[in-house]
Amino acid sequence: MMDSDQDPTKPASVQSIQEVERKVLDVVETSALVVEELSKFGDADEKAVIASCQKLMASTKEIHTEIQNAISSRMEVKAFENNDFVAKQQARFSVERADVLSQRLHRLRLILETGKPDLEMKEM
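For the sequence shown, this note's numbering assigns the number 1 to the initial residue and increments by one for each residue that follows.
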């Protein structure tokens, strides 16, 4: 979907927006041609009017598809961000649990080595 006039240094989202803007302008220009042809009413070139209307419909469908893709793409990014956040939270929770378990095992080892109960362990 890379046009020859797109700047590779611009973010893809900016390029996508510019592409949609170009398509909207094309639809407006095509609409103007349709209106111009229809204003001739009696002298209208039927084939030109039909061709302009078909181009208008195709451009409108293309813009609609671009917008749907942009929305879907944003939703996918948001879903990934949410999944990433949940994964990070779960990883942090697992690390905390592993740390607590490690502390308890360390205290248990001290109790077994010394034969004395660990007062700190009772507080837990």
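These are calculated hints, taken from the structure and not from any lab test.
This one's a predicted model, so the numbers in the text were calculated from it and none came from an experiment.
Beta carbons: idealized from backbone N, C-alpha and C, even for Gly.
Please note: incorrect hints may appear among the correct ones.
[To be verified] PhoX-like mimics (lysine-lysine), calculated; alpha carbons at most 20 Å apart, straight line:
1. K61 / K23
2. K55 / K88
3. K78 / K88
[Said to hold, decoys possible] Label pairs and their computed distance ranges (CB to CB):
4. Q68 / L33: 20 to 28 Å
5. L101 / I17: 18 to 26 Å
6. V28 / A87: 42 to 50 Å
7. L38 / I17: 54 to 62 Å
8. L33 / R92: 27 to 35 Å
9. A58 / R97: 52 to 60 Å
10. E113 / A91: 26 to 34 Å
Okay, the hints, checked on the actual structure:
1. K61 / K23: Answer holds: K61 to K23 is near 10 Å, not above 20 Å.
2. K55 / K88: violated, 49 Å
3. K78 / K88: holds, 15 Å
4. Q68 / L33: 20 to 28 Å: holds, 26 Å
5. L101 / I17: 18 to 26 Å: Since L101 and I17 have Cβ atoms about 51 Å apart, the given range 18 to 26 Å is violated.
6. V28 / A87: 42 to 50 Å: Cβ of V28 to Cβ of A87: about 45 Å, so the range 42 to 50 Å holds.
7. L38 / I17: 54 to 62 Å: violated, 31 Å
8. L33 / R92: 27 to 35 Å: violated, 60 Å
9. A58 / R97: 52 to 60 Å: holds, 58 Å
10. E113 / A91: 26 to 34 Å: holds, 33 Å
Of the numbered hints listed earlier, those contradicted by the structure are 2, 5, 7, 8.
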